[in-house]
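Chain A is already provided as a structure; the job is to place chain B on it using the hints.
Protein chains in written order, with the UniProt record's numbering: chain A, 1 to 205; chain B, 1 to 205.
Keep in mind that a hint or two might mislead.
It does not matter which identical chain is used: a pair holds within one copy or between any two.
Stated by the list, open to error - With a cut-off of at most 30 Å between alpha-carbon atoms, the simulated DSBU-like pairs for lysine-lysine come out as follows:
no.	residue 1	residue 2
1	K49	K25
2	K85	K45
3	K49	K184
4	K45	K150
5	K150	K49
Think of the hints as simulated: they come from the structure by calculation, not from any bench.
Here the structure is a predicted model, which means the values were calculated and not measured.
Protein chains: 2
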Amino acid sequence: MAHNLPRIVSTTDLPTSEARWITLKKIKYLDEDGKERLWEYAERKTRAKAAGVDGVAVLAVIRSKTNAFPVSTIVIEQYRPPIGKYIIELPAGLIDEGETVETAAIRELREETGFKADKILQLSPITVSDPGMTNANMQLAIVSVVLEDKMEMPEPKLEAGEHIITRVVELNMLQGTLDDYDKKGFVVDARLSHFAAGFILAQQL
Amino acid sequence: MAHNLPRIVSTTDLPTSEARWITLKKIKYLDEDGKERLWEYAERKTRAKAAGVDGVAVLAVIRSKTNAFPVSTIVIEQYRPPIGKYIIELPAGLIDEGETVETAAIRELREETGFKADKILQLSPITVSDPGMTNANMQLAIVSVVLEDKMEMPEPKLEAGEHIITRVVELNMLQGTLDDYDKKGFVVDARLSHFAAGFILAQQL
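Bound-form chain A, shown alone (with noise of 0.2 Å):
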């Protein structure tokens, strides 16, 4: 039954009282000028405390040895829920609880690649993701991968239900395989275009 294409067969409310995820939050603030508002929003419940970070993106930097080919990076395939739809994301993955933030950065390439980095070349500070409407926030680290010759495609470590498809692009192609992508009905993680947009814009300053 492998590969079929995911299916959405119902959306629901879903009261706060049983989400097991996510909730609901009510904030009661004072702004600027002394004045009370009220303001929503919606929360993980995984959070690990010790990093306090919810997750960690992974842009890999990967060279041949041997310069067998361009510089370049990965890209992942992945059915997301919320959108009904394959995203194109960088690799990406919650932190556990005591785990930093760089071992998560290197373990969830690892796993959903099969790609090891050698180091980690830049970490951002602590991000968040769109702060109108969630506390959600993540890091991206930017990681070196070097390999001896041609690229050749490690093996993942996905879980069992994980459909997870690695792609890898030369960074210079970055931009326009995101825009083909979107062209063939897949979608592009907002994070990720921007990365591609501020590449693209500095080539052409």
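Below, chain B without anything else, positioned relative to chain A:
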């Protein structure tokens, strides 16, 4: 009473039935193996039906006709109750019913910062901000702002109760500026952070 620091008075659980702006949903779906699974997510109640997109963010490329300053962009500082801090973001807003995304981009830039875009350089496809947790979606508009000569900060057209501070940043200094904000206790939006990371990486490769 203006220019106090905002302060959270209380944060309480919000029953889905009482929420006005967002809601929780439960999806029942069949995965690639044909196995029935559940997923929880949050949804905005405000999406304009015609546009099919929640919001638009605006990356302004500001130039001077006399080259009086380096190519720059605009970020805003805005208090976000779900985070309880000031967030550094691109100018952005929700699409009004009956409005195009392009019109909303130019309108929001004008209202929030006072700057007038002369044209849209690029409009991203519809992208998703945090697709594991919400169906929230957005587009990024890269717009051109041309000033006659030196930088002069225009007057924004903020609504009563809107407190947005505009900051013009040289594009080459964007990542450093965001890091400085983080050190001072601000929090940077993940999409803006990814844009800056892409911009810097392109210059380093």
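Here is how each hint holds up against the structure:
1. K49 with K25: both (19 Å within a copy, 26 Å between copies)
2. K85 with K45: both (24 Å within a copy, 20 Å between copies)
3. K49 with K184: Between. Shortest inter-copy distance 22 Å satisfies the 30 Å Cα cut-off; intra-copy 40 Å does not.
4. K45 with K150: neither (43 Å within a copy, 49 Å between copies)
5. K150 with K49: Result: close neither inside a copy nor across copies, 41 Å intra and 48 Å inter.
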